[in-house]
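Chemist: Since the structure of chain A is already known, use the hints to place chain B on it.
2 protein chains.
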Amino acid sequence: MHVTLHSSALFSSPFIIVPSQKVPTKMEVKNKYVAIKASINGAPEESDFEIKVENLSLIVEPESKVVVVKNLFVSIDPYQINWMKSQSSSQTSIRYANAITPGEVIDTYGVGRMLVSHRPDFKKDDLEAGFLTWGEYSIVKEGSLLNKLDPSLAFPLSYHVGVLGFSGLAAYGGFFKVCKPKPGEKVLVFAASGSIGHLVGQYAKLLGCYVAGSAGSQEKVNFLKEKLGFDDAFNYKLEANLKSALKRCFPKGIDVYVDNVGGKMLETALSNMNSLGRVAICGVISEYTNASTRASPEMLDIVYKRISIQGFLIADLMTVYADFLSKTVEYLHDGKLKAIEDISQGVESIPSAFIGMFNGDNIG
Amino acid sequence: MHVTLHSSALFSSPFIIVPSQKVPTKMEVKNKYVAIKASINGAPEESDFEIKVENLSLIVEPESKVVVVKNLFVSIDPYQINWMKSQSSSQTSIRYANAITPGEVIDTYGVGRMLVSHRPDFKKDDLEAGFLTWGEYSIVKEGSLLNKLDPSLAFPLSYHVGVLGFSGLAAYGGFFKVCKPKPGEKVLVFAASGSIGHLVGQYAKLLGCYVAGSAGSQEKVNFLKEKLGFDDAFNYKLEANLKSALKRCFPKGIDVYVDNVGGKMLETALSNMNSLGRVAICGVISEYTNASTRASPEMLDIVYKRISIQGFLIADLMTVYADFLSKTVEYLHDGKLKAIEDISQGVESIPSAFIGMFNGDNIG
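Protein chains in written order, with our numbering: chain A, 15 to 378; chain B, 15 to 378.
Just chain A, with the same shape it has in the complex (with noise of 0.2 Å):
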């Protein structure tokens, strides 16, 4: 899911000077942040963050490649709790990661428009999707991600933050390029309603699989069934047995699985593996906040089955971005993919939506 910034009649207005390109540019707006109070290492709470005001006082050297952009939208993703955890965690992946200092400004993906630059590549008032902050500008340095929107697509702007951004790339890459997946196979996708879910969904539709997922309401799966076409769909929350309700959707077992839930899920799931099934993993939200959740897969199975399992990362997708980007826009324009959107208002309800992300609340 994600917000929007700036909506709300509080946000500050900058003061900057622009004489010319080639002087110094001076800045000073005041920024609203959401940071951390201190690591976060179990389930999050609306206790652990805090909403911060900054005075952004900055001068832009004509030689700098520094810029600053003014957030629209912002993404708000489970896999950032990583991110909160101290460096003593058990959980020692997060060290490869960039941790979030207490106090400081939150790293995330999404859509701003250019306020400072005087970068070539980057004029005032572009639009650009890239790393930007939980707040209502950034700062972002060169070699930080950050590209320029095509303004001739004219889809809403948080399009770019999500099915365009990298929840659509997470979606298209694990599925196509981790999974390879066939016509006819069958896919399973738990958190279906989910940024990422949603979306594998509709495109193994599109490939001719069979599709079944889970949702954590009855709402969210009748939305599944009606409106996403999904062959079959069951509410994890009312099932007793994880198990009986994969075998019911899939009578002939599964193929080909989008994991980002972890746990018991993943555990179940590989159980109901065909042979030569695929396992894509980018995440395992059920174990971010309880590690003691992991998956004990039955690894019999994997043997027997030649099953492959395979983590990814955004970052290992970029060779299929211009493809997913190209196919996207064009499932979109023809109406033949339905972005799901669950969007917050303003910088204040980011803790909130983060919190209830680990509790199933979001859709999409």
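A portion of the hints provided could be inaccurate.
[Claimed, not checked] Calculated pairs, DSS-like style, for lysine-lysine (alpha carbon to alpha carbon, straight line, at most 25 Å):
{"id": "1", "chain 1": "B", "residue 1": "194", "chain 2": "A", "residue 2": "191"}
{"id": "2", "chain 1": "B", "residue 1": "261", "chain 2": "A", "residue 2": "194"}
{"id": "3", "chain 1": "A", "residue 1": "278", "chain 2": "A", "residue 2": "266"}
{"id": "4", "chain 1": "B", "residue 1": "278", "chain 2": "A", "residue 2": "278"}
{"id": "5", "chain 1": "B", "residue 1": "219", "chain 2": "B", "residue 2": "196"}
{"id": "6", "chain 1": "A", "residue 1": "191", "chain 2": "B", "residue 2": "191"}
{"id": "7", "chain 1": "B", "residue 1": "278", "chain 2": "B", "residue 2": "266"}
{"id": "8", "chain 1": "B", "residue 1": "261", "chain 2": "B", "residue 2": "196"}
{"id": "9", "chain 1": "B", "residue 1": "191", "chain 2": "A", "residue 2": "194"}
{"id": "10", "chain 1": "B", "residue 1": "79", "chain 2": "B", "residue 2": "162"}
{"id": "11", "chain 1": "A", "residue 1": "196", "chain 2": "B", "residue 2": "191"}
{"id": "12", "chain 1": "A", "residue 1": "219", "chain 2": "A", "residue 2": "191"}
{"id": "13", "chain 1": "A", "residue 1": "257", "chain 2": "A", "residue 2": "278"}
{"id": "14", "chain 1": "A", "residue 1": "239", "chain 2": "A", "residue 2": "350"}
{"id": "15", "chain 1": "B", "residue 1": "196", "chain 2": "B", "residue 2": "350"}
{"id": "16", "chain 1": "A", "residue 1": "138", "chain 2": "A", "residue 2": "84"}
{"id": "17", "chain 1": "A", "residue 1": "191", "chain 2": "B", "residue 2": "196"}
{"id": "18", "chain 1": "B", "residue 1": "194", "chain 2": "A", "residue 2": "196"}
{"id": "19", "chain 1": "B", "residue 1": "241", "chain 2": "B", "residue 2": "261"}
{"id": "20", "chain 1": "A", "residue 1": "352", "chain 2": "A", "residue 2": "241"}
{"id": "21", "chain 1": "B", "residue 1": "194", "chain 2": "A", "residue 2": "194"}
These are calculated hints, taken from the structure and not from any lab test.
Nothing here was measured: the structure is a model prediction, and the numbers come from that model.
Modeler: Just chain B now, with coordinates in the frame of chain A:
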């Protein structure tokens, strides 16, 4: 490891009438073989097995595709325990494999000499490798794996069961085909003195990899380092902390792991893998007799390090069989590869040799 048959004075002489290829062949012989008394659901014990003697009396018609092989060497492998479990076992994968019926012969890979054949492709006294039994004679039906040996190879016959048989193919294919290793990569081998492990380690050294492994005694550790050229090795029975041992042997992390052990070993290896590491799994010995020792990998590691885990069976490796055979024969001829064999004598020795494998008693 494997067993040589017919080496004792006790083996029975078959009575065969072969007047011509056009009339039925009548054969009568006492066949001593190993059977299980009932399904085995924990660690195997001597009392689970019995040595049976049957009167193998059969008439092979001229048009029959059935052949009778006198077994010379047959393989004893941990994975066979999976076929001895009851069908109600929690390890459901065994339903995919051929369950062994109590009292009946037990299938295995082996080398034998043709005794009775009306098939044009197999003549009496030809040497073959394929699916035989834990006994003195095997009745081989059409369609069952059976390949004539190349008599020009001039290796000990037992090599065709191990280094040139399934163990060798599993090691070669698991390493080269599944893991796609590059020179200089760091390769872990658990059970490094085992039938597959000692070959994976040597293939990896021949490719120019760094190789370290574990074994169950100081003698085996010395052997790996001094005779097989391993860069490092440790006795897992003496290590209080497996993770520390791996960190000591792999200060720069593990890139490739061919696993047939599973459980804590797999879990710990995964936590020491480098980014883009590859794990090929062809067995989970530590879980065969105790499903509660399942691995619970840190899936967040799998995601952030983009690790792949791939189960495989011998059947998946047939595309590299010719390559495996020519390369391995060349390495053996040139003395670059050492085949380690642990050979027991006679049908009676099979149960204790099999049981010993689960205690790490074997080498090769």
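Chemist: Identify every previously stated hint that the structure contradicts and give their numbers, smallest first.
Modeler: Hint 2 alone not satisfied by this model.
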